[in-house]
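**Q** The task is simple: from the sequences and hints, build the whole structure.
Protein chains in written order, with the working numbering: chain A, 635 to 988; chain B, 76 to 399; chain C, 823 to 1333.
Possibly wrong hints are sitting among the right ones.
[Unchecked claim] Which bits of chain C does chain B cover? Going by a derived footprint, with three or more residues having C-beta under 8 Å, they are: (1) 949-962; (2) 1031-1038; (3) 1143-1149; (4) 1280-1291; (5) 1301-1315.
Since the hints were derived computationally from the structure, they do not count as laboratory data.
Glycine included, every Cβ here is placed at the ideal spot set by N, Cα and C.
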Amino acid sequence: MSDNILKRRKPMSRKARNRITAVLVTSLTLAILFVFLIPLMYGIVTALKTDAQFSQIGAPLWPATEAQFEYEGETYPVYRVPLEDRIRDMALVVKGRQESQFVDINNPQAGLITWEGSWRALDRDWQLDPQWQNFRVAWNTINFPRLLWNTVKYAAITTFGAVFSSALVAYGFARFRIPKKNVLFMLMLSTVILPGAVTLIPTYFVYLQIGWVGTWLPLMVPAFFSWGTNVFLIRQFIMSIPLDLDEAAMMDGASPLRIFFSIILPQSVPALTAVSLFHFFWAWNDYFNPLIYLVGHPEKFPITIGLTAFNNLYSGRTNLIQAASLISAVIPLIIFFFAQRIFMQGVVITGVEK
Amino acid sequence: MTASTIKKTVKKPKQPMTNIRKKEARWGLAFLSPWMIGFLLFYLLPMLASFGFSLLRFNPAVPDESTFIAFSNWQRAIMVDREVRLSFIRTMHFAAISLPIGLGFALFLAIILNSKNVIGKTLYRTLFYMPSMIPLVATVLIWNGVLNEQTGWINMLIESLTGIQAVGTQGLRWLADPQLVYFAYTMFGLWGIGNAMIIFLAGLQGVPTELYEAAEIDGASWLTRLFRITIPMITAVIFYQLVLGVIGSLQYFLAPFVLTGGSGFPQGMTRFYMVYFYKQSFSFFNMGYGATLAWLMFIFALVLTIVLFGTAKYWVYYAAEERK
Amino acid sequence: MRKLLYLISILIIASMILTACGPVNNVPPLVDDPVVDDPVVEEPVVDEPVVDEPEVEEPEVEEPEVEEPEAPAEKVLVRWFVGLGAGSDEGTFEPQNAVVEEINASQDEFEIILEIVDNEVAYDTLATQIAAGNAPDIVGPVGIRGRDSFFGAWLDLEPMIEEFDYDLSDFDPALVDFYMVPEEGQLGIPFGIFPSFMIYNFDLFDEAGLNYPPAQYGEPYVMPDGTELEWNMDTLREVAMMMTVDVNGNDATMDGFDPENIVQFGFMNQWTDPRGIGTFFGAGSLLADDGETAQIPEPWQEAWKWTYDGWWTDWFIPNGPYGGADFLQGPGGPFSSGNLAMVHLHMWYVAPWALGDVGFDWDLGATPSYEGTITSKMHADTFSIPRGSSNPEAAFKALTFMLSEEFAPKLLQIYGGMPARLSLQDAFFDDYTDANFPGKTINWDVVVDSMEYADNPNHESWMPSFLETTDRYNEFWGMAANTPGLDMDAEIEALRQDLQDIFDAYFTLQN
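**A** Written out as structure tokens, the structure is:
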């Protein structure tokens, strides 16, 4: 509709139109992004607060501490107290319900001044004071290098295994006429459909019998035998690749394996990237599986288990939890930032090849 | 119903397989072998065992006291236990809200973040993906914080933007109001949209660029291009998202369980089917009954999946249909 | 074709080796599986083998693992599972490890391996282990609640107590009986006791100009005008309302009080459930004496209604919406936020890791009475041995070490419990203060006195379909905490009816 209106007007240059669209779409994206990231901002801000700020009444939303003033060897919070003539910065020395005693921070020699009213209604002198050391404390409280290293290994190895094996299997499902293929495919999907929790105990039992409990093996080895959701997704992509190329290659006498490596895989780069990211982050956030198989072996724990050490029964320190979580998100973020560039290249590859 | 009803695009020739077909099938099976071996080694036995559990009264704390009770669990689940039906209806109710919103939003994001008109999209993609990276523990704390009726940012924002009273016990109690709670959980789910987004993004890379160029020459509008080219070309990925979305909705469990400890708060609204399953299995230790619930769900989800696969031939486009 | 199969099998084998090597590289010689000694490590993914090692600066943790292969055969491994109660928080990991190492070094019969699991998932994990036949050898510290969640899974210690001639004379016989469960046997040996009492925030009382709660049982509460009131629930309610303040500085007894903007609360039964709150008014059980009827004891009904009014009309207890508000999120729950004047809690809360690093001064006070009776609910922790343990004898031996006069005090310092051993009780509080609150004067007398008023029946005691019943009343409680304007009598009756249904279903199954 808008196109029609535009056409009736003086034809705008294509460049100008593109520019307007770009500005509109970008600002729309930014607006959505802003709303979308509010909770994340909350998380980051939380990570930068002091323990005390959460529970301070009237504290601002951003990380801040109130100005303090030292008086006779003790520190007291500074309030903005309205006196007859003007508002003065005064330190609250003795709190009271009806009246409180303050000391003027610019004139402490004058001693205690009694002010009638509720100190809770007074403004305070909040100063921006992000607690960057929360990140250091979080970093030092749990053994991040070891936990992250364990997680990177777990995520990288299983991702490699699960994506590669799934690509093979997906190729099989997508390109070959196999008797009862649909039944087999449903059987494969059934491992996705049946909730993992119900097979937890027998699965644990199986790994216990072969002596794998207490090692990474139950978490890693199955990944090398393909992964239901990955197979399904890669199959969808392979089925979207036209047959012409593999048929041409087959005419030339290329074996299916060659076709897989030289035609299917290169064409599926965006899909494989997506699946890899997907699997990598899944493994990165996996908590219960590593826990149940690695319990009693803290030296093998991944980051997720280390993080729960913060959020335990009797001492939840929200700011540190957020700080630690943000630290643990840095590596996947960097990986994502670089990996997703492949999507840009993906356009080129498919565009050229066809 | 068997899976053979799914695809009838190819009429199977009744004559014995030719050598070429045999060879093709053998190659195919070879490619499937990693899955088949893995399935036999790691999945088959536990699956069968879990079905066996459904025929037992089985408390994991005292496994030696298990007793065989045939189909009593099944009878209880299907005929007696009202909560099974109620929690199932809740699950479907929530899925009806969250699944379209979730899929729609992910697709929408992927399309705008794939558009050449957006400046700085690599950064946006990363930022949209970022919440998926935050560990669950922290995510739950964040959402409990921003959705809090007294001090949450969301209510403060709404109140300052619209002037409607949103803060306080009279305001918007996202997690406590039965009318709002599914939307709160949907928001919570949208936050982890990153995975769906990258899959759609990957799908969009497969759309041949010359189609757009041709359309642009024809003067097709953006919407026309979206509905005539983009969406039809990525139906294979949409189909995947739909199937996994349906399965995921039926298995929906973690968020309500972590946010409410499985209490079903408010008014049982969040006691979804899988929450109930989990409570029976791991809170009440009625593992036999829990296995029954899981298998009931499994059967339902499998049938639904097969039906979805049956519909695929009407709307899903594969560039490579099977060789004739 | 054959080539392909060959290639695939190579791939599979290579990947398995790769996987097997991956985790092992990082771990010192103690290797968990025999498949690994393949030298083919140089696969691409694992190309940086042991960079991690030098960074690990915890020789105490690594050391025994490395030594293990050298002295392997003799020592029986005893797996100790922590997580059902205290001991799963981060601050306690290292001290527990230290005690374990000390016990391991002190003898050469067994080797304890610590398995600490976060409380949230400890039940699932333990259930999986037991069901799959991999039960740990010792579980604990575990309270009555944790123990009864795994009803039937514990070993009767009686035969071993006799076999090893274990001396129980240092324990209060009543406490030993506490772990004697009919038809199940002696499921534990007393270890730590956690009486409950009031904890209050000095600073908030000072600000209000009110007197502190009584430090001793029997003392009255002195109002600002000098009148003395019996320290009972009515007095507590009144004081707590005066300690509840809105943003303008008005307290909950004043006319202009704004319940929408409360910034400080007066009282809370922190971290307990409806049975615990009911017991605050008097001991009782949801199961009537006939062993099959569901009941809500009279004092519990009163306690619940008192609490409900405290949430929604008297405003001195944080209700559901306020409970999640930022200003009550202290490092150790609402009390340690500094905006809650009084809580009633157990000894395990009086520990730096539980309370958090708080900036205000606090002390302990007496539990108020209800209709002339004082009830201070008690937690008692023990260690139990699962029936599925593969080495019950070694486990029992390890247990005797953990409960001994030498090691029990060390563990109790970690968990914050009072020793169940009579001989240890005198020295305990001094050591505990020195170790955890150096320089602080704490009114420990009230802790000892609180034991006199322990709840009987215990508020955590067994009921039919334990977990389902717990779930049902917690759901009721969550609803009440979030819903103003309820007819509590009707809701309580509805709950009782539901509990009766659960009990009936249980007894039908049993017969």
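**Q** Does each hint fit the structure? Answer for all of them.
**A** Here is what the structure says about each hint:
Coverage of the region 949-962 of chain C by chain B holds. Counting CB-CB distances below 8 Å, 5 residues qualify, and the rule asks for three or more. Note: the region 1031-1038 of chain C has 0 residues with beta-carbon separation from chain B under 8 Å; the three-residue rule is not met and the coverage is violated. With a cut-off of 8 Å between beta carbons, the region 1143-1149 of chain C has 6 residues touching chain B; three or more are needed, and the interface restraint holds. With 3 residues bearing a CB less than 8 Å from a CB of chain B, the region 1280-1291 of chain C meets the requirement of three and the coverage assertion stands.
Evaluation of the coverage hint for the region 1301-1315 of chain C: fulfilled, as 3 residues show C-beta separations to chain B shorter than 8 Å, against a requirement of three.
Checked against the numbered hints above, the structure violates only hint 2.
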